[in-house]
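J.: So the chains spell out like this:
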Amino acid sequence: MLGLVNGAFYAMLSLGLAVIFGLMRVVNFAHGAFYALGAFAALLGLQQLAIGYWAALVLAPLAVGVLGVAVERLLLRHLYRLDPLYGLLLTFGLALVIEGSLHQRFGSSGESYPVPAALQGVLDLGFMILPLYRAWVIVASVVVCFSTWFVIERTRLGATLRAATENAPLLQAFGVNVPLLVAATYGGGVALAALAGVLSAPVILVTPAMGSSLVVVVFAVVVIGGMGSILGSIVSGLALGVIEGFTKVIYPEASNIVVFVIMALVLIVRPAGLFGRD
Amino acid sequence: MTIRALAIGLTAALATLAGPRAVRAAANDVVIGAVEDLSGVYSDVGGPGSVEAIKMAIADFGGTVLGRRIVTVVADHQNKPDIGASKFREWADQNGLNVLLGGSNTGVAIAMAKVAAAKKVPYIVIGAGGASLTNEDCTAYSVHYVYDTTALANGTATTIIKGGGKTWFYLTADYAFGTQLQTAAAKVVEASGGRNLGAVRVPLSASDFSSFLLQAQGSGAQVLGLANAGEDFTNSLKAANEFGITKTMKPAGLLVFITNIHSLGLATAQGLYLTEAWYWDLNDESRAFAKRFYEKMKKQPTMGQAGFYSATLTYLKAVKAVGTTDADPVMAQLKRARIDDMFARGGYIRADGVMIHDMYVMQVKSPQESKYPWDYYKVIKVMPGEQAFGPITGLCPLAPK
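Top to bottom, those sequences are chains B and H. Residue numbers for the first sequence follow the numbering used here, so the first one is 56 and each next one is one higher. Residue numbers for the second sequence follow the numbering used here, so the first one is 4 and each next one is one higher.
Certain hints may be false.
Label-pair restraints from in silico Cβ distances [stated by the list, open to error]:
1. V316(B) <-> K301(H): 43 to 49 Å
2. K301(H) <-> I184(B): 35 to 41 Å
3. Y306(B) <-> G397(H): 34 to 40 Å
4. L140(B) <-> E372(H): 55 to 61 Å
5. S202(B) <-> G201(H): 39 to 45 Å
Calculated pairs, SDA-like style, for lysine to any residue (alpha carbon to alpha carbon, straight line, at most 25 Å) [said to hold, decoys possible]:
6. K368(H) <-> G201(H)
7. K253(H) <-> M183(B)
8. K299(H) <-> H158(B)
Simulated from the structure, these hints should not be mistaken for lab results. The C-beta atom is built at its ideal place from N, Cα and C for all residues, glycine as well.
So here's chain B without its partners, still in its complex pose:
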């Protein structure tokens, strides 16, 4: 049950990665940095401008999303014709720059973000105690994940997006502004990361390193779910959170490697991932 909270974060982060990889073929190593950026945007908003949690939930992802669009337009765009390795290197460098800047500005010990007043307190479920805020995180992320999946897989906009990745010149010939679409995809993907950042801010301490410690696990989740598969990343994110939660009870020392063990097994049995198309 508690694993679901972690799973919810995994799902939201891996969803953003899956969207970006699925539609753009870019391995976005800066994802963790954008997640941290989202949390810091919420923190700064609260401290400097007195923007509350609920507003931050919308504004922080928006701000980070705009930054994402700028990154795509200014930097990533130039690399599409090259080997995907270059995109990986660029985003990795970007992650180092963002993390370093946050470190420079905020120091390494981090700051704490208060739980919003409406969500303080605990739910007594009888068999366990669940803080209200964590229940909200689960609900919010499941809603966000499935609406993203719905938009991409079941709507006209999503169909256009997917078409852009299949055959961009043809789509452009139909009068669709493909570069804009791609930029919006990257912006949307990193906005999802930022949203996860805001959601997690009241649960853990907001530190510059919060993204890099999570992003490795999230990459494993994406690989397990199948690179680029949206449903795969949601389901495996939640499932792995739960499995990790169980490990913490049964054999705590192994809880930080269980995800990678599963990744190795999945790669041996189904190299394309659980939901991947070969």
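Fit chain H to the known structure of chain B by using the hints.
T.: Coordinates of chain H only, in the frame set by chain B:
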């Protein structure tokens, strides 16, 4: 185009690799080295603040000793033992290093202590907790200055047991430092008539502590011993608060810095018992130092940073007293001298290298009790040095039992 870009990239990369510029010392200078975590998880409790503290001490000493200029060399060990050790070796061979300060990580400190013994350069450990540095891993040239796991556990555990917290459960960081801290605390608990109900070993830098905390709660223990540090400590206490565990169990911080309390906020940290070697608001002298430090760093100094100031002065005084920077007479003088400054009263360095000084058992104030910025602690008890650091164990060959 590509070649040009590559060239620029390589130059930039080389520039970063070169890192903080080492001052090329003249043959006649007294060289004080600091190997610290300047960019990682411990950079807020030590890091640039520690370097500043050394500079303040040198300035207060007058900038020269025995008529020689005092210079500093600084490097970032990035929490990697090999980097720390090789930097130490390089300085000892090429820069005429006279003393090394720092460590901030037990693994790095142990590696550097080995270099100290091989190169015969005094090494004052600050920030690394492992008590093994003055036991199994002790050397004739190492001094352990601010705190060790024994003193930290002694202070907090005896106080809580006296207050009625008899049964303990530990949340332990799953590496050398965490287990040493837990073992030290468990020993104290047992010796004082308490009982250890169990422990859960948590992987370093876990993102979520809730499952571990529920296991702690399930144990029915009265005290939650937090045998971890830094971000692990803050995140576990934050989660304990969120799950309402702090209402049923008494949290005990086994290594807490004031910067941790600052980032948690008093609402979350209030009531916590912890042990500190020094606190900025202890007396007029500590406040005067803190005020000067704050003007430079915009933060109150931690016990580690205050320790850097004190250790630098202690070393320079020893050099002045014996009239040479030769390692052996300086070490002998260090172990002979009494340390009286804003950090310690009547402190001294024992044969095994432990700097014996009073430790302070603190309780974190509630938001209502805190009257001004950084007013975080109530002093519950001043623990005499001999009691806090315990008797000589005999594990270090330099100090037979």
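J.: Indicate, hint by hint, whether the structure satisfies it.
T.: Here is how each hint holds up against the structure:
no. : hint                            : verdict
1   : V316(B) <-> K301(H): 43 to 49 Å : holds (45 Å)
2   : K301(H) <-> I184(B): 35 to 41 Å : holds (39 Å)
3   : Y306(B) <-> G397(H): 34 to 40 Å : holds (37 Å)
4   : L140(B) <-> E372(H): 55 to 61 Å : holds (57 Å)
5   : S202(B) <-> G201(H): 39 to 45 Å : holds (44 Å)
6   : K368(H) <-> G201(H)             : violated (29 Å)
7   : K253(H) <-> M183(B)             : holds (20 Å)
8   : K299(H) <-> H158(B)             : holds (18 Å)
This entry does not satisfy hint 6, going by the numbered hints stated previously; all others are met.
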